Amino acid sequence: MADLRVDLLAHKATRDGKPIQLQRREFKLLEFLMRHAGQVVTRTMLLENVWEHHFDPQTNVIDVHISRLRQKIDEGFERPLLHTVRGFGYRLGVDA
Amino acid sequence: MLSVLRSTSVRLALGYAVLFVASSLVLVGLLWWRMAGYLDHKTAAVIRADTQAIRDSLRVEGLPGAVEMIDERLRQVADGSAVYLLADSARKPLAGNLQSWPADIEAKSGWYQISLLLNDKLRTIRIEEVALPNGFYLLVGRDIRDQTEVRALIIDGLSWAALSALVLAVAGGVLVQRAVLRRVENINRTASAIVRGDLARRLPTRGTTDELDQLSQTINLMLQQIEDLIEGIRNTSNAVAHDLRTPLAELRAQLEGMVLAGSSREAMLEGIQKALADIDRVIGIFNALLRLAEIDSGVRRSGFRRVELTELATEVADLYSPLMEEKRAVFDVTMGSRLAVNGDPHLLAQAVGNLVDNAVKFTPCDSAVSLHIEPCTDREIEIVVADNGPGITDADKPRVTQRFYRCKTNGEAPGIGLGLSLVAAVARLHDGTLTLRDNHPGLIASLKLPIAPQSPRI
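These protein sequences, in sequence, are chains A and B. Quick note: the first sequence, position 24, residue 23 per numbering that gives the first Met the number 0, numbers continuous. Quick note: the second sequence, position 225, residue 224 per numbering that gives the first Met the number 0, numbers continuous.
Just so you know, these hints were derived from the structure itself, not from any lab. Here the structure is a predicted model, which means the values were calculated and not measured. Think of the CB as a built atom: it goes at the ideal place given N, C-alpha and C, for glycine as much as any other residue. Every clue listed holds true.
Mimicking BS3-like on lysine-lysine, the simulated pairs with C-alpha atoms at most 30 Å apart in a straight line are:
id, chain 1, residue 1, chain 2, residue 2
1, A, K71, B, K360
2, B, K273, A, K71
3, B, K326, A, K71
4, B, K447, B, K326
Here are some chain A residues the structure puts well away from chain B; computed CB gaps all over 12 Å:
id, residue
5, L3
6, R4
7, K11
8, P18
9, M33
10, A36
11, Q38
So here's chain B without its partners, still in its complex pose (with noise of 0.2 Å):
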């Protein structure tokens, strides 16, 4: 029964019974008091009546004429509904229906609402008392039990009302929480059997828009969502995995190959050395990932500070130019002045950095670089960074932001395949995005930054 009463769908129920009940009164209430003004006023009209008519009778045609009239009234009402009295001015009856003065009523005129046995009943009068001239009192009452029933009347109908309500409140709320209850039942289980693993698992939806295939959908989504990073996550693993085997595996045969050659101590040097140089890659894919989950967690945001484009493309083109030379490149820096972005200049620096090495690792000899900064609307600023290599093939556009996602056109050119997710999430990072395009022949990234806002941020 408790574990009845704990069910939502039964609480609600049980709540709109009570509001409902609760309506119920103030309207029946509302009801008995108007009906009662009414009856009340009624009434008072016909006692107001019959008092004229024999005061009026009693001026024109004396006391025989009251008595007469009275008489006439009381044959109409003979059921003991109607009190009339007629008495001189010691209060002794002349005429009407009740044999002395009620005790209860005073001297005074007015109204007043008393109790009387007549007929044998016991019966609730509402009486005026008038002093007509000649010293003659007269009084005129009727019954009001009939506003006393109707009382009970609705008294009656309001308490099985309130109980239909409540019993009927109570099963459509069992009803209802039968019926959500399948369904909640029906998202728990399937919840519970995601949580054990079977993440392919969905919420059955009815492709309604109720509330409840409204929370399916959406935690449909969210599964969805869970999955994909799921699913990114262990190719990321299996990625590394795979990244970091081929280093080591490499350094152990280089270590086995000296212990087993029993070589010269020239030589020794020479493997540590090599076996140095595989460490390093090891580590620096180690430094790669961590950088970009430090990116992707947000934290360098707190070191966010102008920074002028000019003089960091400036650097990194410097640092650069003389691969370039090398490569017999023509290198083409262009950028207008005052470009600020909102940053961290050592992740802009290395974004950037990455977009140019890229380039320069893939043009061929005697090609053409370019590096263009500048504003391409009133808020953004481009990045833009083309070269005549390769290029990027359209299905692989998506993929190479993804970490360790190297191109198979790649070939033996060096990298980690870390590079444009580095690039990808420093512009996340900057409300920024990083597009990739084609130059025929070759690669076109553009990344694109919010221009800071013209006082530095305090």
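Bound-form chain A, shown alone (with noise of 0.2 Å):
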């Protein structure tokens, strides 16, 4: 997705040809937002999917780990990928 790279088989992730360091946990929420590039993923749909937790946390825990996510993904880039998108959850992908 525009440049920003995922290799499943490695778990190494790209952008701009620069290697990005995450976590495990990191790379799973990541390929998780790529397998739903452009689309609106929720906060239950993370937990269910990247933490295979059925429950809610009471707190913004998600919200920590998507600004982590997006802090090594984003920063430094001019255009974000890793949308915001209030009362939702979040979007991966490059905006219109």
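With the hints as a guide, bring both chains together as one complex.
Printed below as a string of structure tokens:
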């Protein structure tokens, strides 16, 4: 997508050719977002698919994970890829 | 009359009366049987002694001696209750008080019971016939009217006894019924008052240990439990109404403001998104309530399986570690290996998650939160979550697990007051316990769960 590439086999991600250091969970999160690129992904969907938890955390714990991922993939780049859709969740994609 | 018969105590009394009469019958019957046997035996002994004496005097003194003896005996027993007859081989009377040989008595020696008219009275006589030497025949008999009289007496007495037992039993039953009925009526009246809505009413008790009093005490305990439950429901309903009204009122104000201000499209979108967040909060409260209700109903037990707590807690810790890092709090996670419980993995994760969530929420920056899981006894695993937050006062500790209860010290912290309620409910579902202790400063939440048996349940 755009200049973001994810190698599922090697468990590596690059943006604009530069490697991004991701922890296991962060990689899983990015993978899920990539598979649903362009779609809005809710917090519940992330919890169930990335953490395999079927419960609602009371605090904004997912937001924190997302913001950390955002730091890694969007920081230093002109066009952000990971967007927050207020009231719904998140969307990975090139803004129209 | 029918209503009296329908009363339990009267039926009981009648039952006792029947039982009493039956047992009297058995008792008197036995008495009669033994007494009749004794009298029979005694009569037979007297007759046999007479027979022997007459036989002896016939042998020693001849016929005149025997006749003399019979006459002598008859003189002694003049009322006709004794019968003697000495006859020759042709059954012709030689001595005694019978005019002729009785037709009922055959030639054969032995015992007979005959009816005779003697001294103008019809008598029942038990008689022995003996063949004496030299062709003589002897009849010796005794009136057994006494025995018949005793029998009549007994039957008579028994009838009276039965009758009075019946009367006493019925009268007693009625009295007992009245006494019992008054107390039952009392209970009934109180229960009716409670049905009409006066839940504070209690059954009168006497402080004794009789059955009715015990029943009343048990019912009172039940009423107390019902009242507590209703009070709990009332509190919950109030809390639900209150907690739902706030976001809904905010939502309404939001939308109203947008309409009145005639905002731009951008501002509208912004407002709608805020509205959605408010709606999510309301839905969140409902979801939490529904989940609590589901847990309390116990239906989730059917989905119990072996759950490795280590795995589960690692996931939870992993989920929350960025939040800890944001607060620069040390997150100390230690756990033993192979810690398995029987339970619902999602609920257990939610419970551990809620405890960690609370710890993260309340612990100040640059502090420490710990999550320990280890066996505490042979049968229990303890999950301990400790933080350095404000803690919970002793007064609040029992109340924080109630639905919607939020400590006043919480201030602006987000939450709906259902987190610990859910942990407590999950603990109950898994036959475990949730205890809260002070960490000086902070809170130690300890969730104890029974260890799963070694082999996974099939």
